[in-house]
Amino acid sequence: MLIDTFQWQTQASPSGNFVHNVRSAQFGDGYKQVSSNGLNQAVQQWQLAYTGHPAVTQSMLAFLNQHVLVAFFWTPPNGKKALFRVKSDSISVTPLARNVEALSFAFEQAFGV
Numbered sequence: 001m002l003i004d005t006f007q008w009q010t011q012a013s014p015s016g017n018f019v020h021n022v023r024s025a026q027f028g029d030g031y032k033q034v035s036s037n038g039l040n041q042a043v044q045q046w047q048l049a050y051t052g053h054p055a056v057t058q059s060m061l062a063f064l065n066q067h068v069l070v071a072f073f074w075t076p077p078n079g080k081k082a083l084f085r086v087k088s089d090s091i092s093v094t095p096l097a098r099n100v101e102a103l104s105f106a107f108e109q110a111f112g113v
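Note that my numbering has the sequence shown beginning at 1, numbered continuously upward.
Think of the hints as simulated: they come from the structure by calculation, not from any bench.
Just so it is clear, the structure is predicted and the values come from calculations on it, not from any experiment.
A virtual CB, placed ideally from N, CA and C, is assigned to each residue, including glycine.
The reader is advised that the hints may include incorrect statements.
To be verified - Pair ranges (Cβ atoms, derived):
id, residue 1, residue 2, range
1, G30, L83, 35 to 43 Å
2, G30, A97, 55 to 63 Å
3, S24, T75, 27 to 35 Å
4, L2, A97, 30 to 38 Å
5, N99, P14, 23 to 31 Å
All chains, please: the whole structure from these sequences, using the hints.
Rendered as structure tokens:
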């Protein structure tokens, strides 16, 4: 199976965060024990945007809709190439002018195809 790659340039200043999947137990004396919950405890999430000609935004939109369930390769800013999926409720298109559309979406790191 060939894994697709997201190859479009997004707008400057993407917003990323890391969600850590941990378990904790707080005791009455103030002590708190924390451990990872699984092998991949930190998940990257990125908010991205693109504004441009509808021909480009529509091809991006087709890619995004195809990759809600199927992982793809993407290199985050200052990061290493990894697998991601499109967050299912994150895709938004806004027509700004006759030949300009704004597209916003979010990626979430995946650990399997």
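Here is what the structure says about each hint:
1. Checked against the given bound of 35 to 43 Å, the beta carbons of G30 and L83, roughly 40 Å apart, stay inside it.
2. Range check, G30 to A97: about 58 Å between beta-carbon atoms, so the 55 to 63 Å window is met.
3. At roughly 32 Å, the beta-carbon separation of S24 and T75 lies within the given 27 to 35 Å, and the hint holds.
4. Taken as a hint, the range 30 to 38 Å holds for the pair L2 and A97, whose Cβ atoms sit roughly 37 Å apart.
5. About 24 Å separates the C-beta atoms of N99 and P14, a value consistent with the hinted range of 23 to 31 Å.
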